[in-house]
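Participant: Construct the complete structure from the given sequences, taking the supplied hints into account.
Residue strings, one per chain:
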Amino acid sequence: MIVRIQTEDFDAGAEIRQLRLSRADVGAVVSFIGQVRDLNDGTSVSALTLEHYPGMTEKALEDILTNAKQRWNIFDGLIIHRVGTLAPQDQIVLVTIIGAHRGEAFSACEYVMDYLKTEAPFWKKEQTSDGERWVDARVSDTQARSRWEN
Amino acid sequence: MIKLLYFARLREALGISEEDYAHDTALTVASLVQVLTARGGVWHEEFGGKKTIRAAINQVLVKSDAVIADGDEVAFFPPVTGG
Chain A
1 MIVRIQTEDF DAGAEIRQLR LSRADVGAVV SFIGQVRDLN DGTSVSALTL EHYPGMTEKA
61 LEDILTNAKQ RWNIFDGLII HRVGTLAPQD QIVLVTIIGA HRGEAFSACE YVMDYLKTEA
121 PFWKKEQTSD GERWVDARVS DTQARSRWEN
Chain B
1001 MIKLLYFARL REALGISEED YAHDTALTVA SLVQVLTARG GVWHEEFGGK KTIRAAINQV
1061 LVKSDAVIAD GDEVAFFPPV TGG
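Protein chains in written order, with the numbering used here: chain A, 1 to 150; chain B, 1001 to 1083.
Hints were generated in silico from the structure; no laboratory data involved.
Heads up, some of the hints might be wrong.
As a list, the in silico DSSO-like pairs of lysine-lysine whose alpha-carbon atoms are at most 27 Å apart [as the list claims (entries may be wrong)]:
1) B:Lys1003 to B:Lys1051
2) B:Lys1003 to A:Lys125
3) A:Lys69 to B:Lys1050
4) B:Lys1063 to A:Lys59
5) B:Lys1051 to A:Lys69
6) B:Lys1003 to A:Lys59
7) B:Lys1051 to B:Lys1063
8) B:Lys1003 to A:Lys69
9) B:Lys1050 to A:Lys125
Which chain A residues face chain B? A few, computed with CB under 10 Å, are given here [as the list claims (entries may be wrong)]:
10) Gly34
11) Tyr53
12) Val93
13) Arg102
Beta carbons: idealized from backbone N, C-alpha and C, even for Gly.
Facilitator: Set out below in C-alpha cells:
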C-alpha cells in the first residue's frame, strides 16, 4: 500500500508499471488520474492551490485503501495526491488498484476516489478571472459515496 | 490545554491557523463550537451554524458529541474538496 502527498508531478506510467509488476498473479490494473480543469462553474480557472492537513491526510488515505482492501478482492493500491499550486491540465491525483480480475479492481478504484473526495482533508482554492475563491464541496460527491454505505 | 487548528477558508476568515486553548470544564466538540461562536464577529459568522464545519480530534473525523480530552489536537475545517 502506497500513499504519497507531494508538490511535484508524478510519472503515472512509471508508478503504474511498478505496481503492476510487483506480483505475478496480477491480472487487472485499474487507474484514475484527476486533472486540473480550466473551467469550473462557468468561470475560467487559471490556477488551483491545494491545501492539506499534514498527518491526518496521509492517515485518511491509508484508511481508505485499507477499507478498500477489506471490502474488495484486490491485491494492493496506490494513491498519489499533489498539493500546492497547480495549473490547468496538471495532474492532481493518481489512484491505481491491482487485483486478479477487473470487476473488483474497477469497483475498488471508484470506492477509493469517492471516499477521497469526501473524507480526505484537502481543500482547493481557485484563481479565476474574478479573483480567488475556495471551491465548495459538491452534493454529488456525497451522493456518489453513499452508494457504498451498505 | 488543547491545541486548536483551522484550515482553508476557515483559517483565512479567522486570520489564525492555530492556537492553544486552556479550559477548566469538560468539553465536547459542540460545546467548544459554542465557546468559539461566543467570541463574536467573524467567529460567530463561521461557527454560528450558517456554514458547514467539520471537526477532527487527533486527526480523526468526529461528530459534534465527541468528547475532548486534555492535550488533544482539535481541528476545524470546511467540507473537503480534494481529488
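Participant: Hints broken by the structure, by number, lowest first?
Facilitator: 3, 5, 8 and 13
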